[in-house]
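Protein chains in written order, with this note's numbering: chain V, 1 to 247; chain B, 1 to 217.
Please note that a few of the clues may not be correct.
[Said to hold, decoys possible] Here are the simulated lysine-lysine pairs, BS3-like style, with alpha carbons at most 27 Å apart: (1) B:4 - V:147; (2) B:77 - V:111; (3) V:126 - B:4; (4) B:77 - V:16; (5) V:111 - B:80; (6) B:187 - V:192; (7) V:20 - V:2; (8) V:126 - B:80; (9) V:126 - B:187; (10) V:244 - V:192; (11) V:92 - V:16; (12) V:111 - V:50; (13) B:4 - V:16; (14) B:4 - V:244; (15) V:192 - B:77; (16) B:125 - V:244; (17) B:217 - V:244; (18) V:111 - V:147; (19) V:14 - B:77; (20) V:50 - V:126; (21) V:147 - B:80; (22) V:16 - V:50; (23) V:47 - V:6; (24) V:147 - V:20; (25) V:2 - V:47; (26) V:92 - V:6; (27) V:244 - V:126; (28) V:20 - V:6; (29) V:92 - V:2; (30) V:133 - V:92; (31) B:187 - V:14.
In short, the hints are calculated from the structure, not lab data.
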Amino acid sequence: MKVTFKIWRQDSPKSKGVLKSYETDGISEDMSFLEALDHLNEILVAKNEKVVAFEYDCREGICGQCGLFINGRAHGPHEHTTACQLHMRSFKDGDTIVVEPWRAAAFPIIKDLVVDRSAFDRIIEKGGYISAKTGTAPEANAMLIPKEIADASMDVAACIGCGACVATCKNASAALFTSAKINHLNKLPQGKPEQHRRVLDMTAQMEAEGFGSCTLTGACEVECPAGISIASIAEMNNRYVRAKLLG
Amino acid sequence: MFFKKSIMAGTGLFLSIFLIVHLSANCLLLLPESMARELYNAYSTILRESIVITIVAYLLYLSIILHVVYAAIVTYKNYKASPDRYMMNHTNETSSWSSQNMGLLGVFILLFIVIHMANFWARIKLGLGDGVGFDAAGNLDVYEVTYSLFQNIYFVVFYSIMMIPLGLHLNHALKSAFKTLGFYHKKGLRVLAKISLVYAVVIAVGFGIIPLIVYLK
Ligand code: FES
């Protein structure tokens with residue numbers, strides 16, 4: 001298939017970016033979106049032009065690196081998916097596809113389609129872990145966890161930290177991400193000892209990073225590759241109030 | 001951010017309860033003219049003379065002010081969090097229009113409140129503009145103020161149309177206020193979404209249709 005890419009090109013964090021058009025031929029509909037970008041880059045290399053910078057790692061929808069804003073939607077036209085799991089068969093021959101980086105004040109652009117998502121890391125550093133003694137792994141049955149709780153925790157632990165929630169949010173809010181990371185641990189007995197501090201510290205960091213507030217539009221839960229519900233945000237709010245009162 | 005949003009949710013819920021009371025009282029206007037005038041004026045006299053209602057009224061003014069001020073602050077911060085938007089943006093496909101435009105809807109509602117208060121509150125409570133007479137029972141003739149205003153088709157249309165942004169705002173607001181305050185029971189949230197819709201429709205249609213009925217009376 002023939003496809004025209006319109007891609008955001010920006011040399012450095014400070015420079016001004018522009019959308020540039022690239023016509024490509026020889027794209028197969030079985031290619032993933034990232035393979036199509038690889039294909040474009042091969043063409044650019046052959047023409048001795050600068051390749052398009054974009055991020056990826058696993059290419060199987062589990063690492064969250066491939067954040068791309070495709071045709072006006074986070075990770076392209078489908079719901080609950082990553083860009084690496086999007087295939088060219090979702091487009092038509094002759095289509096023009098606009099590709100932009102995530103846009104949020106807290107995610108500054110590094111180059112082309114690559115943004116700096118270390119704001120997420122700094123939120124995690126504030127409590128997205130449990131303090132535990134090191135040593136050999138504990139006996140698995142020493143701490144019993146009811147299935148419903150394990151499942152509910154797993155539902156939010158599925159967050160891959162891709163940033164689609166921030167990218168699609170009109171306020172660039174990181175509420176869905178932060179809530180997923182808080183609820184994941186706070187639901188489990190292992191996370192309980194530090195639960196109140198976790199909520200207060202992580203949400204404070206979320207604010208300090210310059211993310212917007214949550215209007216509960218629900219756009220994030222539609223784009224989230226892990227399908228995390230905005231009820232998770234409401235749960236975080238609940239835990240926040242409890243932490244303020246009890247913590 | 002939590003504090004500001006909680007204040008907005010709390011004041012919003014308080015104002016939502018007020019709207020129910022306000023609408024129920026307005027239903028008196030639907031009675032036949034002679035009864036409506038008497039009851040409506042008697043009711044408004046009770047309200048004006050009650051100390052409890054006076055306190056509630058001040059709480060209402062305060063709620064409106066807090067809601068608006070925090071809305072402005074939050075909107076400004078949100079704007080700063082997402083300054084350059086996308087060249088191609090279809091994020092509106094994934095959430096409702098009203099949820100994305102609560103601020104704009106709020107501006108319409110504020111505009112309405114200002115005009116509404118100029119029409120009634122300023123005349124009745126502050127004594128500005130044309131004086132208000134008394135009815136046969138000696139109560140301030142608030143009914144006449146209402147009735148004469150809604151003889152003007154422009155006001156009727158304005159009052160009715162402005163209930164559309166109010167309804168849209170309320171539909172998203174009610175369910176979201178509960179989430180902001182930490183209600184997260186999944187089934188409960190689904191029920192809550194339905195309650196919000198019904199509430200918004202009742203309030204918007206109720207307030208929107210009464211001026212029309214008064215006009216046609
Ligand atoms: S590259 Fe890992 S999720 Fe897409």
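Hints versus structure:
1. For the hint linking residue 4 (chain B) to residue 147 (chain V), the alpha-carbon distance of about 36 Å lies beyond 27 Å, and the restraint is violated.
2. For the proposed pair residue 77 (chain B) and residue 111 (chain V), the alpha carbon gap of about 26 Å is at most 27 Å, so the pair holds.
3. The suggested pairing of residue 126 (chain V) with residue 4 (chain B) holds, with an alpha-carbon distance near 22 Å, which does not exceed 27 Å.
4. Pair hint residue 77 (chain B) plus residue 16 (chain V) holds up; C-alpha atoms about 24 Å apart against a cutoff of 27 Å.
5. Under the criterion of a C-alpha separation no larger than 27 Å, the hint pairing residue 111 (chain V) with residue 80 (chain B) is consistent with the structure, at around 21 Å.
6. For the proposed pair residue 187 (chain B) and residue 192 (chain V), the alpha carbon gap of about 25 Å is at most 27 Å, so the pair holds.
7. A threshold of 27 Å between alpha carbons decides the hint, and for residue 20 (chain V) with residue 2 (chain V) the separation of about 17 Å falls inside it, so the pair holds.
8. This hinted pair checks out: residue 126 (chain V) and residue 80 (chain B) have alpha carbons roughly 23 Å apart, not beyond 27 Å.
9. With a C-alpha separation of about 32 Å, the suggested pairing of residue 126 (chain V) with residue 187 (chain B) is violated against the 27 Å cut-off.
10. For the proposed pair residue 244 (chain V) and residue 192 (chain V), the alpha carbon gap of about 15 Å is at most 27 Å, so the pair holds.
11. The hinted pair formed by residue 92 (chain V) and residue 16 (chain V) fails the criterion: a straight-line CA distance of about 31 Å is larger than 27 Å.
12. The hinted pair formed by residue 111 (chain V) and residue 50 (chain V) meets the criterion: a straight-line CA distance of about 12 Å does not exceed 27 Å.
13. With a C-alpha separation of about 35 Å, the suggested pairing of residue 4 (chain B) with residue 16 (chain V) is violated against the 27 Å cut-off.
14. Proximity of residue 4 (chain B) to residue 244 (chain V) is assessed by CA-CA distance (about 15 Å); at most 27 Å being required, the pair is judged to hold.
15. For the given pair, residue 192 (chain V) sits about 32 Å from residue 77 (chain B) by alpha-carbon distance, which is inconsistent with the 27 Å threshold.
16. Between the alpha carbons of residue 125 (chain B) and residue 244 (chain V) the distance comes to roughly 41 Å, so the proposed pair goes past 27 Å and is violated.
17. Restraint check for residue 217 (chain B) and residue 244 (chain V): not satisfied, since their Cα atoms lie roughly 55 Å apart, outside the 27 Å limit.
18. For the proposed pair residue 111 (chain V) and residue 147 (chain V), the alpha carbon gap of about 44 Å is over 27 Å, so the pair is violated.
19. The straight-line distance between the Cα atoms of residue 14 (chain V) and residue 77 (chain B) is roughly 22 Å, inside the 27 Å bound, and the hint therefore holds.
20. For the hint pairing residue 50 (chain V) with residue 126 (chain V), the CA-to-CA distance comes to about 38 Å; that exceeds 27 Å, so the pair is violated.
21. Between residue 147 (chain V) and residue 80 (chain B) the CA atoms are separated by roughly 42 Å; this puts the pair beyond 27 Å, and the hint is violated.
22. For the proposed pair residue 16 (chain V) and residue 50 (chain V), the alpha carbon gap of about 16 Å is at most 27 Å, so the pair holds.
23. Under the criterion of a C-alpha separation no larger than 27 Å, the hint pairing residue 47 (chain V) with residue 6 (chain V) is consistent with the structure, at around 18 Å.
24. Only pairs whose Cα atoms come within 27 Å are accepted, and residue 147 (chain V) paired with residue 20 (chain V) is rejected, the gap being roughly 51 Å.
25. Among the hinted pairs, residue 2 (chain V) with residue 47 (chain V) is consistent with the structure: their alpha-carbon atoms are about 18 Å apart, no more than 27 Å.
26. With a C-alpha separation of about 15 Å, the suggested pairing of residue 92 (chain V) with residue 6 (chain V) holds against the 27 Å cut-off.
27. Restraint check: the Cα-Cα separation between residue 244 (chain V) and residue 126 (chain V) comes to about 17 Å, which is no more than 27 Å; the hinted pair holds.
28. Proposed proximity of residue 20 (chain V) and residue 6 (chain V) is supported: the alpha carbons are some 5 Å apart, at most 27 Å.
29. Restraint check for residue 92 (chain V) and residue 2 (chain V): the C-alpha separation of about 9 Å stays at or below 27 Å, so the hint holds.
30. Of the pairs offered as hints, the one joining residue 133 (chain V) and residue 92 (chain V) is violated, with about 55 Å between alpha carbons and a cut-off of 27 Å exceeded.
31. Restraint check for residue 187 (chain B) and residue 14 (chain V): not satisfied, since their Cα atoms lie roughly 47 Å apart, outside the 27 Å limit.
Hint violations for this structure: numbers 1, 9, 11, 13, 15, 16, 17, 18, 20, 21, 24, 30, 31, all remaining hints satisfied.
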